[in-house]
Amino acid sequence: MALKIVKGSIDRMFDKNLQDLVRGIRNHKEDEAKYISTCIDEIKQELKQDNIAVKANAVCKLTYLQMLGYDVSWAAFNIVEVMSSSKFTYKRIGYLAASQCFHESTDVIMLTTNQIRKDLSSPNQYDTGVALTGLSCFVTPDLARDLANDIMTLMSHTKPYIRKKAVLIMYKVFLKYPESLRPAFPRLKEKLEDPDPGVQSAAVNVICELARRNPKNYLSLAPLFFKLMTSSTNNWVLIKIIKLFGALTPLEPRLGKKLIEPLTNLIHRKIHIFSSHKMLCSQSHLIVSLSRIAVLISLSSGMPNHSASIQVMKYLGLLAMSKILKTHPKSVQSHKDLILQCLDDKDESIRLRALDLLYGMVSKKNLMEIVKKLMLHVDKAEGTTYRDELLTKIIDICSQSNYQYITNFEWYISILVELTRLEGTRHGHLIASQMLDVAIRVRAIRVFAVAQMATLLDNAHLLTGNMQRMGICEVLYAAAWICGEFSEHLENPMQTLEAMLRPKVATLPGHIQAVYVQNAAKLFATVLKNQEGNTDSTAAQETSQLMIDRLPLFVQSANLEVQERASCILQLVKYIQKLQQKDVEVAEEVCALFAGELNPVAPKAQKKVPVPEGLDLDAWINEPPSESESEDEQPKAIFAKEEPKHSRPRHTEVDEKELARRREARKQEQANNPFYIKASPSSQKAYQEAPGVEHIPVVQIDLSVPLKVPGLPMSDQYVKLEEERRQKERADKKKKEKKKRKEKRSGRGRKHDSGPESEEDITPAHMVDIVTEEMPEVHRSCLNITMNLKGNARTNMISAKGAVSSYVVSGGIFLPVKSSKHKKKKQKKEKEEKEKKKKKKHHHHHHHSDGGGEESVQNGTVEEEEPLPVSVYDIQGNLQDGSQVVVSVIFENKCDSFLKSMEFNVLDSLNSKLQRPEGSGPHDGLTVPFQLPPGVSNEARFVFTVQSIVMPQKLKGTLTFIVKNEDSSTHEKLDFKLHFTCTSYLITTPCYSDAFAKLLESGDLKCSSVRLEGVIMPFHHLLARICFHHHFSVVERIDSCASMYSRSIQGHHVCLLVKTSGQTVSIDAKCDEPTLLGNVLDEIKQTFSQC
Amino acid sequence: MQFMLLFSRQGKLRLQKWYVPLSDKEKKKITRELVQTVLARKPKMCSFLEWRDLKIVYKRYASLYFCCAIEDQDNELITLEIIHRYVELLDKYFGSVCELDIIFNFEKAYFILDEFLLGGEAQETSKKNVLKAIEQADLLQELNAFNVN
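Protein sequence lines, in the order shown, are assigned to chains A and B.
Numbered per full-length UniProt numbering, the first sequence spans residues 1 to 1091.
Numbered per full-length UniProt numbering, the second sequence spans residues 1 to 149.
Rather than coming from a laboratory, the hints here were simulated on the basis of the structure.
Simulated pairs of lysine to aspartate or glutamate, EDC-like, Cα-Cα distance not exceeding 20 Å: (1) B:28 / A:71; (2) A:16 / B:101; (3) B:108 / A:20; (4) B:25 / A:104; (5) B:92 / B:107; (6) A:578 / A:532; (7) B:44 / A:344; (8) A:330 / A:356; (9) B:17 / B:101; (10) B:27 / A:107; (11) B:17 / A:104; (12) B:132 / A:196; (13) A:323 / B:72; (14) A:380 / A:369; (15) A:323 / A:252; (16) A:159 / B:138; (17) A:604 / A:664; (18) A:87 / B:135; (19) B:12 / A:71; (20) A:159 / B:135; (21) A:346 / B:50; (22) A:393 / B:50; (23) A:176 / B:71; (24) A:900 / A:975; (25) B:27 / A:104.
Derived list of chain B stretches under chain A, where covered just means 3 residues or more per stretch with a C-beta under 8 Å from a C-beta of chain A: (26) 76-89; (27) 133-143.
This structure is a prediction, so every number in the text was calculated from the model and none was measured.
Glycine is no exception: its CB is placed at the ideal position from the N, C-alpha and C atoms.
Take the sequences, apply the hints, and build the full model.
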């Protein structure tokens, strides 16, 4: 009986192979999960058996289950077992399972390294092939590192089958273990000319992918690829090569020209290559083919039956066009109709592509038309993603380059309001920021915008009706702010105030409530002002009462910001009410809280804030770290950059021409920067390219506010209005034109046909304020205010640092800055009132070499009578140029007077010379490129040329400067000495013990030794001290004996052997330059004699 | 190429090959999302889909969808060509392939794919060579099996 059971179960196990499993799953449609869990139990049983065939079968089934989404990570070890079977049948299954189930975090992968290596070197090419295939799927950085060499060997395998696999997998290896690229590259390059086409195409593939990541390194291969391109007949390879050239041509323009001919040939031959040639179109002498693409699109649009392949061509055509658009917008623009047509396509992919193209095709003339069309699509669109995409595109298109194409902002505001009706959009904040931007920058639009926003606020319940629309309530943020800030334009501020204080507001997100509260206060001020003008004082008191009644709702808010603002304003209103009851007129004072114009500040405006004198952002705050990690890698870059520093003017005057040039460049930049917003008279010029246009007044549209009920489309009427307006303008212009012609008969070829209007002729109905000053005066003063003014209700809204904040909505708080000019002067005065005090001087020498360590020798000369700077200096050897040292001097003004016109001069010796700018005499001083206010320090660098470094030397120098007090200024002079020790020419250089041993054995080094008595510090302190002060590094240390190494800037090796016994330290030293060695040892001795 | 998926009209996954390391969870999520999006598209639409920062190239053969994810700069047409070539290979190997062939011999389908693509790149463009390699390997497998018995 028992035997029977056993036998039966064995049978079942053997019977159920993959096919049975699949069939079983298909037969158990209702209880699939249950069936599979029994299967998994069986598989677990099978895996416990010793028979590899059973195991392989189980693993095969697991792979299938893995695909169905079941977790099989528990069987990872069994998979490895099957992989390591010697039979190809099982090995194949094992590797397949591994490639499907393993990923980087699978820990058993570590166990596979040796197995894979064994398989890679198997005599059977299919074993190797399977291993390579599997490896390509689960290669980890560790595997890549360990197996890179084996795979590299396989690249020259005799069988092309293996070669091509090895070449391809190298790409994966490079990605995981980039160090392998360098040694493997020559061989990879060889494979480009492999006799087997498969291997060749694999090599092309790999290099093409590599080049895409870093094209520069592969430019040298261009000729080889060029040859391949003209000779190869394999389309797959050709496409890859063309793609590669697509990456290379931007780097080497000549390549583009050279490619035209072969490419056009190819295009003629094979149409399907041309989607890859789109890459090159950007380069484009190949614009010819554009028409071809257009033909293709029109062809495919014209076809009655939209078959999928035609759609494919359409998509690719649009894609190609978008590439061309970047370089040749004109040629794409001519296909506008075609592209608009594509917007109607059923296929979302095609619509998205067409949308992309639209961005580059709008003009003043067609903007309204295009947007109208897009708005229709918004209404029709199903699916929020596409709708959101449309919304962002509409806003993108309209706002591009400073609203360049918008001629009528009322229309734009209406569009924005219409967009708020969108359901479930995530882009409420985008609409909100546009509303704010337009309202702030386009002054003329404010009346209209405020009216619209008031209506929005009134109907806020429509926006916040259901939870789905939470995204859109961001708009209320903008609406509330605009209504509050420009409340003087409100027709009925009381009504809006009430709308803002409705209990329902409490359901809005915190940051919006905060804006509500703040702007309710602004509105309150406006309302008070209106009401106090009347004789009836009760109305004003009622308003205060309303505020007092409603604000507590916000005081209880969970949001801190809301709470804070509400309680602050509540107290304010209570106080106002008290005053009102005493019949005091308060409106004016309340209004003063919010007086002045809020101006946005451009994000880049910080640049304009002058760096306080003496603040050197590059200087170390603390001592530089003594570890010099970077010196081995890229010392050249460091020094190349730093050397010219001493001559770089910090705040020095720039000549007029340069200034003018910079100003021009800045203006240019601002014109393209949508964040510059300040009004200026010159901003209009941007729109008045065509002479004659300036006679046309900016049209004030005398419309009654069209939006009374939100949710009705009304932007359409603007399209019509705009047409009329333009017609009128044109008529006007024609009249003027005629007049002009009568007056002048000069034969200027300027023609204004009554026919189609040219782009320049269309004047905008409203102007956008565009800043021309990088940071207008007003803003600079604000900065001071933010830091200095107290009692201004506004300041607490401004970010704490007093830094310039852009007006763009960020972090939920709106951060505009109010301007008020008169405050600025006060601050300046304060500065000047500083008193003069006692002066001190302290001179302190400090040696330092290349960040490797430092030595400070106090030369402590203290002179009391002069107001002088403290100066500290470092001497840094220049690793690249053995004859240069950089001396960094830190000047610190310890006195209370202002120091300026500092000049640094050193008396050159035969050996060392101060590098002076060309054209100056050998005794001229160098101007220190900064001035020092009291208590400030700054660093200047001076480069010295040194002939011989074997001897220490001292250079005498003087520093002259002017001490400026409030009433007088005196010329002062300070003498100093620069001490170039031999140590300062040494650079901490690490050295390995074997290299060190070789150096000692070489016999080129001269020996010298020194004994130090009475050293009572621990040995490691002693070593640290030598390392630190004399720039050595420890090579090896054994008990009380250590070897040390350093190198001079001119490449002398200095080796030390330090031994200690009791209080005696003996240093045996070797160096190829005995004088240098002697001096270094002397300096070391001195260091220890001082302690 | 980042990955290749084969799934049926009912949304059942038939084959998956990932050339980028992703966790199982992510793979499942991507699969679910893609299957839904692709199945929702009408037959007359183009074969390309922009999805996250990838491009999805898909094509339907009978009841099976073949779906590849490529990077932005990759060529869409060549990807379509790869899909087609793979279908041709399956067809040659199984002899007018149908979905059931792939279901029941899914490991074979993988072997063919592995001979054709490696690490997401086409390794062998010659149909003949791919089939030859597969045949040889199968032969080896049978020999093995024979020896065991």
